[in-house]
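Heads up: the protein sequence lines correspond to chains A and B, in order.
Position 521 of the first sequence, counted from 1, bears residue number 521 in my numbering, the numbering being contiguous throughout.
Position 128 of the second sequence, counted from 1, bears residue number 128 in my numbering, the numbering being contiguous throughout.
Honestly, I wouldn't trust all of these hints.
With a straight-line cut-off of 25 Å between C-alpha atoms, the simulated DSS-like cross-links for lysine-lysine are [said to hold, decoys possible]:
id, chain 1, residue 1, chain 2, residue 2
1, A, 460, B, 91
2, A, 450, B, 165
3, A, 460, B, 104
4, A, 117, B, 91
5, B, 134, A, 484
6, B, 165, A, 462
7, B, 91, A, 450
8, A, 128, A, 117
9, A, 82, A, 117
If you are wondering where the hints come from, they were derived from the structure by calculation, not from laboratory data.
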Amino acid sequence: MALAIPGTTGNPDTNCYDMSQSIQLHTFHGGLKLDGHKAISTSHPIKTAELPATLLLPVQQHIGQPADVIVKPGEQVFKGQKLTRASDYISAPIHAPTSGIISAVEERLVPHPSGLKALCIEIQTDGKDKWGEKVSYPDFRNTDIVTLRNHIRESGIVGLGGAAFPTSVKLNPGRSIDTLILNGAECEPYITCDDMLMREHAADIVEGMAIMQFMLSAEQCIIGIEDNKPEAIAAMRAAVKESELAAEVVAIPTIYPTGGEKQLIKILTNQEVPGDSLPADIGIVCQNVGTAKAVYDAVIHGQPLIDRVITVTGEGIAQPQNFLALIGTSMAELVAQAGGYKPGVKRLIMGGSMMGFALATDEIPIIKASNCILALTEVEQPPAQPCIRCGKCEQVCPALLLPQQLFWYAQAKDFDKIQDYHLFDCIECGCCAEVCPSHIPLVQYYRFAKTEIWNQEREKVKSDIARERHIFHEERLERLKKEKAERLAKKKAALKNRPKVGDAEAKKSEIEAALARVKAKKEKQTTTQKNIER
Amino acid sequence: MIIAILSISLLATLFGLLLGVAAQRFKVEGDPIVDQIDALLPQTQCGQCTFPGCRPYAEAMAAGEADINQCPPGGEATILALADLLGVDPKPLNEEHGEHSDVKEVAVVIEEYCIGCTLCIQACPVDAILGAAKQMHTIIESECTGCELCVDPCPVSCIEMVPLKQRIEEWRWPYPEQPAIQTRTVTT
Ligand code: SF4
Ligand code: SF4
Ligand code: SF4
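My request is simple: use the sequences and hints to build the entire structure.
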């Protein structure tokens, strides 16, 4: 079902729907109109956060294999210097965000829903902000694509939309790409970092897109932005006009979650990405606008991914705004620079109000995936009631799932059935839980089921190994037993053969000697016995 | 009449032969149900189920001589999977065999006390202990299933079970609190 372009569902007070917009828009199933809470953090321009005295960098900030640490405590590092080495194809290194001394390489609290510790590198900054070696390729059109891809990989660039998947992997799709999409939808309430980045750095983003277009040889370039960001749309349109890139900036209706990769692709191209495949399988690559800016910084200026724009917002923050902050800056420091907390903060969240996760403390660093710090004063979570099978959840699910069935099987811990209902297609958008009249924490059930299934898969691998080792162990025992039996049999045979050689006398003396031995032993035993009795 | 009887008996012999041949040709090696059950067991080989290992327990279950709720290391997940496979109702773990713990444990040798007697090596069902006679022994953490079978044989009690450190990548979201079941208090 195609939508009439000058949005009937669009925001009525903005006329960002350009009549020249040639792309026919489509819709995805479900979704919600949510209160955006965006204006509270867009009145200030992006502020460069102060250089903190210490930076704490978790080693693992991406999806994939951890990287190996290549620095030691006490070592001087310079801005942009690599601190870890990617250990695998799907991996990304981290870099020193400024110059200073490595003060620790140890386990610290990191932003993670578990509240557990993980390996981190701590830097005492020296305030000089002195750059190390810089590698850049300003003339990227005359550079080998493999070189560019390696450069992006070595610059530690990961998807900045929140998933933190290594960008170089996405830029190596292994087939021809028709469409490159820049995701500027930013559909989740409260978050405005992409909006502000587009307003202030549109030209850099477009240049970053040009680099990716060149690398992928994509025929078509589309930039999708929700129509609640007219300033960003205008800025991006102006930047595209200035550039050589034939991209189209498309205003899309504000319906959560338009920013979901598969949802955005559906809106812009009407193509469905099948459950178990990637957009690249249907010739599409989708990147976040922040990622495009990071690619630009790395390729044109030689700056690896060492900072990002982050929104500090919510009713519990005195002056909500966006910061350009170094990765590793403590959340507490950013909150302080945003005027501190207002009274009555009930919950601190990393990410937005729909997909973010609660934090137990603000004494943790921001990481590459941190797009927002949200302090909420009102958190209502009425007690859950039994499911009444109203079907509301199903109507809003953008992934075309049956949330009530998923809930049912998650609750019953039936992990086979729940996968038959495509649990792993769930994007955890939270639409179902938002509309559920019984206030069932549905997403929590799905997250529980997903991590439980992964755990069972790991356990299965382990138990298979244990079974093999056990079989091997049994075989080894069996073999040893057999060898022992064989040895015994041989000895017996040898003994049998011996007496034939000796004459009768020798045999006699042998028997005598044996008797004497027995006698001696007996005597000794009686004495020891006596000793005991005494 | 005779023709009918003849043709029916001919058909019967024919099908009989066919079935016989098919049974020979498509004969299944091993006992698939035992394999299927064994695949669901944690392979700790701890013997808490009263059988000398996971496979013997699987064989007993297949023969209907053991219940599905006798494996403490597997716990609820294993019981549910077994119930599903065998088409019976799940039941809670039989506490007589031990308690299920979500925290995994591994054995560690307190190395300064180890006398190198090799008794633990002989006890370990998965060969997870390295060492030779009169030399200090070490346990390969990644291979240890936590069965505790090595603890008792050690003459100097130098093997300890320690909880395995929770790694952030292996962390699991907790089971949400149950939705409140509406209860009505009847007041008279
Ligand atoms: S919205 Fe809630 S109550 Fe309604 S069917 Fe879905 S889970 Fe059940
Ligand atoms: S959280 Fe999952 S099940 Fe619920 S609406 Fe979103 S995609 Fe559908
Ligand atoms: S080392 Fe000990 S606890 Fe670990 S598997 Fe071997 S016998 Fe069991």
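Here is what the structure says about each hint:
For the suggested pair residue 460 of chain A and residue 91 of chain B, the alpha carbons sit about 22 Å apart, so the restraint of at most 25 Å is met. Annotation: proposed proximity of residue 450 of chain A to residue 165 of chain B holds, straight-line Cα distance about 21 Å (limit 25 Å). As the CA atoms of residue 460 of chain A and residue 104 of chain B are separated by approximately 15 Å, the hinted pair is consistent with the 25 Å bound. For the hint linking residue 117 of chain A to residue 91 of chain B, the alpha-carbon distance of about 37 Å lies beyond 25 Å, and the restraint is violated.
Of the supplied pair hints, the one linking residue 134 of chain B and residue 484 of chain A holds, its CA atoms being roughly 22 Å apart against a limit of 25 Å. Restraint check: the Cα-Cα separation between residue 165 of chain B and residue 462 of chain A comes to about 16 Å, which is no more than 25 Å; the hinted pair holds. For the given pair, residue 91 of chain B sits about 24 Å from residue 450 of chain A by alpha-carbon distance, which is consistent with the 25 Å threshold. With a CA separation close to 30 Å, the supplied pair residue 128 of chain A and residue 117 of chain A exceeds the 25 Å bound.
Restraint check: the Cα-Cα separation between residue 82 of chain A and residue 117 of chain A comes to about 22 Å, which is no more than 25 Å; the hinted pair holds.
Figure legend: structure checked against the earlier numbered hints; hints not met, in rising order: 4, 8.
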